[in-house]
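Kindly generate the complete structure, drawing on both the sequences and the hints.
Which chain is which? The protein sequence lines are E and V, in order.
Residue numbers for the first sequence follow my numbering, so the first one is 1 and each next one is one higher.
Residue numbers for the second sequence follow my numbering, so the first one is 1 and each next one is one higher.
No lab work stands behind these hints, which were simulated from the structure alone.
Some hints could be false.
Straight-line C-alpha distance at most 20 Å; calculated EDC-like pairs for lysine to aspartate or glutamate [to be verified]:
| no. | chain 1 | residue 1 | chain 2 | residue 2 |
| --- | --- | --- | --- | --- |
| 1 | V | K42 | E | D57 |
| 2 | V | K42 | E | E106 |
| 3 | V | K107 | E | E11 |
| 4 | V | K49 | E | E11 |
| 5 | V | K42 | E | E11 |
| 6 | V | K42 | V | E71 |
| 7 | V | K58 | E | E101 |
| 8 | V | K68 | V | D8 |
| 9 | V | K49 | V | D85 |
| 10 | V | K107 | E | E101 |
| 11 | V | K42 | E | E101 |
Bear in mind that the values here come from a model prediction, so they are computed numbers and not experimental data.
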Amino acid sequence: DAGVIQSPRHEVTEMGQEVTLRCKPISGHDYLFWYRQTMMRGLELLIYFNNNVPIDDSGMPEDRFSAKMPNASFSTLKIQPSEPRDSAVYFCASRTSGTGELFFGEGSRLTVL
Amino acid sequence: AQSVTQLDSHVSVSEGTPVLLRCNYSSSYSPSLFWYVQHPNKGLQLLLKYTSAATLVKGINGFEAEFKKSETSFHLTKPSAHMSDAAEYFCVVSAPGGGADGLTFGKGTHLIIQP
Chain E
1 DAGVIQSPRH EVTEMGQEVT LRCKPISGHD YLFWYRQTMM RGLELLIYFN
51 NNVPIDDSGM PEDRFSAKMP NASFSTLKIQ PSEPRDSAVY FCASRTSGTG
101 ELFFGEGSRL TVL
Chain V
1 AQSVTQLDSH VSVSEGTPVL LRCNYSSSYS PSLFWYVQHP NKGLQLLLKY
51 TSAATLVKGI NGFEAEFKKS ETSFHLTKPS AHMSDAAEYF CVVSAPGGGA
101 DGLTFGKGTH LIIQP
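Next comes the structure, spelled out in structure tokens:
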């Protein structure tokens, strides 16, 4: 398996623009997570899905952030409009139920100017 | 409820000397425990995991960790540090089940290897 695949790896955009980050989880994994990592705040859970259904989005900073999982092999995290404080590395991760470990993608580094 | 504490935010060792990264946890369950490593500009990679089998767990790149229930610890060790070990290390505790509310990350330990 190729692992968790994220795109784009790097994104530079201007304030106010829409940003869409994409994730393909490992086949067969029924949980998908979106994390954000910054120097100041470390690793933060934004939202997670189980069987394509959002379970907990309490970590989503505000309404500018939205996430979808239309099928078991694809998820998106959208920021609209983007702001400089959204600059961070966004990680997608997947796992199976039980005590299975979390598998992370390489991350999408977002810079909002 | 559960929590995890990484006792050192930074650890600096010389190349070829032992590494010790400390992790203490608390959990109402019989937890699973993991160590992840993150190299610069990379995602988190699993180093090793404890899931109630052998208490001494061996991982990749010569790392190992020992689960000590009496001390609620899961410290990560390596006999001899290599320059390539310089990275951020995260201790993670997982309760039974697969949801995020069962996963708790430590704040990370930055490992510095001196030549």
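Outcome of the hint check:
no., hint, verdict
1, K42/V / D57/E, "violated (25 Å)"
2, K42/V / E106/E, "holds (5 Å)"
3, K107/V / E11/E, "violated (26 Å)"
4, K49/V / E11/E, "violated (33 Å)"
5, K42/V / E11/E, "holds (15 Å)"
6, K42/V / E71/V, "violated (32 Å)"
7, K58/V / E101/E, "holds (15 Å)"
8, K68/V / D8/V, "holds (19 Å)"
9, K49/V / D85/V, "holds (18 Å)"
10, K107/V / E101/E, "holds (18 Å)"
11, K42/V / E101/E, "holds (18 Å)"
Of the hints listed earlier, those the structure fails to meet are numbers 1, 3, 4, 6, in rising order.
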